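Okay, here's what each chain looks like letter by letter:
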Amino acid sequence: MLIKILGEIAKNQDSSQSSLAKALNINPAMVKQAFYDLERMGYIINYDQNCDDEACDECGLCCTKKNKGKEVKVNTGITRWKLTEKGKIAICSVEGYS
Amino acid sequence: MDKTFTVALIGNPNSGKTSLFNILTGSRQHVGNWPGVTVERKEGIARYENKSIRIIDLPGIYSLNASSDDEVIAVNYILQEKPDIVVNVIDSSNIERNLYLTLQLLEMNTKIIIALNMADEAEKKRIIIDRNKLANLLSVPVMATVATKSGGIKELLKTALDMERITRIPLRFDYGKTANGKLCEIADLLCKTTSIEPEASFLFAVKLLEDDRYAKDLVLKQRADIGKSVEAAKSQIKEEFGFDPEIYFADKRYEYIESLIRECVQKETASTKDLTERIDRIVTNKWLGIPVFFLIMFLLYQITMGFGNDFLGSYVEAAVSLLAEHVSGLLENAHPLLRSFVIDAMIGGVGSVLVFVPLMFTMYFLISLLEDSGYMARAVYVMDKLMNAVGLHGKTAVAMIVGSGCNVAGIMSTRTLDTKKDRMIGILISPFISCSARLPVYALFAGAFFGSKKVGIFPASGLVVFSLYLLGFIVAVAVGRILSKTVFRQEKSYFIMELPPYRVPTLRSLFIHMWEKTESFIRKAGTVIFGIVVLIWALSVFPIGVEPGSAGSILGRLGSLIAPILTPAGFGSWEATVALIVGIGAKEAVVATFGMVYGTGQGLLTNVLVQYFTPLSAYAFMVMTLLYSPCAATVGVIKKETDSLKWALFSIGYSLIIGWGAAVIVYQVGKVLGL
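So the protein lines, in turn, are chains Y and S.
Be aware that the first sequence starts at 1, since it is given in my numbering, and climbs by one per residue.
Be aware that the second sequence starts at 1, since it is given in my numbering, and climbs by one per residue.
In short, the hints are calculated from the structure, not lab data.
Here the structure is a predicted model, which means the values were calculated and not measured.
Check before you lean on any hint, since a few could be wrong.
[Unchecked claim] Quick look at which bits of chain S chain Y covers, simulated, 3 or more residues with Cβ under 8 Å:
hint	region
1	61 to 67
2	96 to 106
3	255 to 261
[What the hints assert, rightly or not] Heads up, incomplete: computed chain Y residues facing chain S, CB under 10 Å, no partners named:
hint	residue
4	Leu20
5	Met30
6	Gln33
7	Arg40
8	Trp81
For every residue, glycine included, the Cβ atom is placed at its ideal position computed from N, Cα and C.
When you get a sec, could you build the whole thing from the sequences and use the hints?
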């Protein structure tokens, strides 16, 4: 299943966990577990950026990171992952996606 | 029993393991730490038919791969302490995910009972698990429990005690001929040369090939030379299957889980469609997703303008006018310069910006509502597909959605883009997205020129503001497309995301978010905008002798110099020119500058504007404000993120041309059409 997921990511470039679950006809919870494993093995990395750069301080309007010393994330509500170099190499090994 | 019978509870986080522990042990609990780490260790005593059973609550984990302290603790405890029974607590309504840990436990040399916990929840979701079949396939007892209601607890304890006399053979997966052969070779080597027990040798061979930290530490410390055999086996498996053993083995486990689910679990499809899924079928639909997104943005601007600006804003506006009148009366005999500073700069300038606080409150309340409910994530998702459809990378959608709050944040969010080229496009198109700092400018002009008109049931001012949002979006996409076809050719990259479930936001959280964001606006009005206003005011009253705020002042002369360039766009006055120049510092300062140079409070500003603009030139001015140079903070971030002054200057230059060009087109075409 992990290999199928990598193949599906390679095929679509932009995927969501639910679209992967639908495409592979598996339960979304399984995709979650698969992501946990793929992340642990270093094929994907979680990618949630914080506005933790000094440049943000120049922006008083919406990125309220420095607000009372609390860090505030750029809030899209989405958890993102991207393929690591190892993941990209692995994708090339998936039959039909190289 | 010679020693206290010990049962270890293990399971995924949120599987109800702790509830089960609490039910089993009651108040007979002891809480400490696992040795060497700060992970909590909970231990207690359960009683069953006058027997004491020691219960250990292991940390909640998803797998036994020793990639975290929690996992190391669990593996170490099971292998070293050897509990009599391990109860694997499974959330029945999420059995697919939980079974991965189960399979890893079954590979270990330990006695296991599966507790299908939250059985009532699964029943509600119409998930039917054939426990007998599962028990037969896995060769372990499978019990149903409802820890929160003490259901199945006695049966669980009885089964645990009964199992003491049974010997269990660890599960051995068929990893394929080559892999099995290599695993047997290494297992054999481990038996002969290390202290690993024969029953655990195959498991350790699997773990070594999976690069498991715990297994490597334990084995290679004893026999470093085994490492060479492990590496050789890994290479051979990789060569044959194209993947590292760790992913290959995990994949085999998943295949097995899939077959188990097919055999033992029945789900009524309709019942599993929860609210999130039902809503998503509409809002992330291939055809409806984009129209729904724009409809929501349309309504957002309608409410922001109609309620936030026209209704609530009118009270603040009246208050500022009243203040201006009152202070003007108080300073009747004061020095003209002091009077001009207080009335024109402070009340006229800063006050005209503060008039938009209700508008900001309303907009940020609605944006927070969209964010907290989980819709904003869907907006990114559907936009992502649109971006792909027009040939841009989907991830630029994130920058565009985030950028509608603030372009700086939008640019920061391009850090999620994989390649430099993707990032460059995201960075360069983000400033075209209509940010909240431009909203006061739109509100001022839309209110003054379109506030009294209606289109159907909607106020025209809301439609005008929405059209600007849409225009910014279209220009960003078009420019991105051009850049991707010319300057930056796209590289392949991959992106996966998880959408959060919908939830009803709490009022408290909405108000906190709304206040956090609006407070920044107010703070900016009192600092950056005030600073700019003071500077502009000084330039408008000097040289001494000229009429303050006239074309003869330094500010007037500067504006008059550039104003002819803007004449084809319909707003070639020195005041409008100066406002736009000042707006490069901060977009809200455009309003403050108008408030100051016209020497009025907001109450009269709309009246003054109609003398200098027509509805058409007002719209052209708003288009210019939308598209021309990014603000100073945005330019600074562009420089920082691209690490190039050249690109920062480019972003100013090309957006000035686009902004001016678009404003001229709007004005000239409008004139031709007789608008």
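Structure-based check of each hint:
For the region 61 to 67 of chain S, the assignment as covered by chain Y holds, since 4 residues bring a beta-carbon within under 8 Å of that chain's beta-carbons and 3 suffice. Chain Y is given as covering the region 96 to 106 of chain S, and this holds because 3 residues of the stretch bring a CB closer than 8 Å to a CB of that chain, at least three being needed. Closer than 8 Å: that is the beta-carbon criterion, and the region 255 to 261 of chain S has 4 residues meeting it against chain Y, so the requirement of 3 holds. A distance limit of 10 Å between C-beta atoms decides the matter here; for Leu20(Y) the minimum to chain S is near 7 Å, and the interface restraint holds.
Taking 10 Å as the C-beta contact cut-off toward chain S, the hint placing Met30(Y) at the interface holds, the least distance being around 4 Å. Nearest Cβ of chain S to the Cβ of Gln33(Y): about 4 Å, under the 10 Å cut. The hint holds. Residue-level restraint check for Arg40(Y) holds (minimum Cβ-Cβ distance to chain S is 5 Å; threshold 10 Å). Because the smallest distance between the Cβ of Trp81(Y) and any Cβ of chain S comes to about 5 Å, under 10 Å, the interface hint for this residue holds.
Hint check: no violations occur; every hint is consistent with the structure.
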